[in-house]
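Engineer: For the sequence shown, the tail end lands on 161 under the numbering used here, and the numbers increase by one without skipping.
Hints are computed from structural coordinates only; laboratory data are not their basis. Note that CB positions come from ideal geometry on N, CA and C, so glycine has one too. Nothing false has been slipped in among the hints.
Have a look at the derived ranges for each label pair, beta carbon to beta carbon:
#: 1; residue 1: M128; residue 2: K4; range: 45 to 55 Å
#: 2; residue 1: G24; residue 2: A125; range: 24 to 34 Å
#: 3; residue 1: D137; residue 2: M1; range: 43 to 53 Å
#: 4; residue 1: D2; residue 2: L90; range: 38 to 48 Å
#: 5; residue 1: E101; residue 2: R38; range: 25 to 35 Å
With a Cα cut of at most 25 Å, we get these calculated SDA-like pairs of lysine to any residue:
#: 6; residue 1: K126; residue 2: F148
#: 7; residue 1: K4; residue 2: P74
#: 8; residue 1: K131; residue 2: L104
#: 9; residue 1: K102; residue 2: P41
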Amino acid sequence: MDDKEIIARAEKLFHEAYRRQREGELEEAIRLYRASIRCHPTSEAYTFLGWSLSFQGHYEEAIEECKKAIAVDPDFGNPYNDIGAYLINLGRPDEAIPWLEKALRAARYEAYHYPHCNLGRVYLAKGMLIKALEEFDKALAIEPNYDFARQAAEAIQQQLH
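Work out the full structure, taking the sequences as your base and the hints as a guide.
Structural biologist: Quick look at the structure:
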């Protein structure tokens, strides 16, 4: 196979993996993401592999896959945010902050509201309500329909008043 065919095969495997992931077939999704990576490693495939692993509670392994994604493309924002989210889920919010800040500076990222929301979660866990509210408000300024951020901001506002 030439490079074009290899990349096309990797993309096909990636899209099938994503479909399986959405359908809850995590083991098959993981297998297909790994097959896509073997064909042609991409930051997206590593990141989504990590995401699938996180759904199974394998946060440390998910973090390692995200680090591989960053090695392939340091400008891709998703893996930075995902590492931050996984560290929060592991009860290590202070370690999450630099990763989330890197997500906010990433050149190739379409969902900047997520790292703001995750920073809000960190500050909320630390009892820093004003900073948490600021981050949730930043998330809502980017994505006004993000229910989680709106509910979190409303809950904090009720606590503050």
